[in-house]
Amino acid sequence: MPIRLDKPWLSLDAAAGLPGQLGVFELADEAGKVRYIGYAGGRSRFGLRSEVSAAADRIPEARRFRVEVTTAYLTRYRELLMAHKADQGALPPHNEPMPRLGRLSPGS
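Following our numbering, the numbering of the sequence shown begins with 1 at its first residue and continues without gaps.
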């Protein structure tokens, strides 16, 4: 499994049809720049469906999303944040800094 999320981008209109499963997601603007990385965990009422919709409501520039269903959502969430930071030099603009976030080597 690649570290970076390589699923196709979907329009936010498709979020209503997401499953109520655990997993991770990325929100991007029209140009495909990742604006937020999030997850649907055990306390998410309707899983990915509700978390993607709620995050999109908070991020006005969000136009697309992609998801990955996984029960290891916290580990995968942290991996995605580390990969983004390794690639871009910073976390996505709508993610709060995580003080104990590890690092990935550039070849990961």
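Warning: the hint list may mix true and false statements.
Calculated pairs, DSBU-like style, for lysine-lysine (alpha carbon to alpha carbon, straight line, at most 30 angstroms) [what the hints assert, rightly or not]: (1) K33 with K85; (2) K7 with K33; (3) K7 with K85.
If you anchor each label on the Cβ, the simulated ranges turn out as follows [claimed, not checked]: (4) G17 with R103: 22 to 30 angstroms; (5) E30 with A90: 15 to 23 angstroms; (6) R45 with G89: 33 to 41 angstroms; (7) D13 with R103: 34 to 42 angstroms; (8) D87 with P8: 33 to 41 angstroms; (9) L74 with E30: 13 to 21 angstroms; (10) K33 with M98: 29 to 37 angstroms; (11) A54 with W9: 17 to 25 angstroms; (12) R4 with H94: 26 to 34 angstroms.
Hints were generated in silico from the structure; no laboratory data involved.
Quick reminder that beta carbons are idealized off the backbone N, C-alpha and C, glycines included.
Item to check | Structure versus earlier hints, numbers of those that do not hold, lowest first | outcome: Those not satisfied are hints 4, 8, 9, 10, 12.
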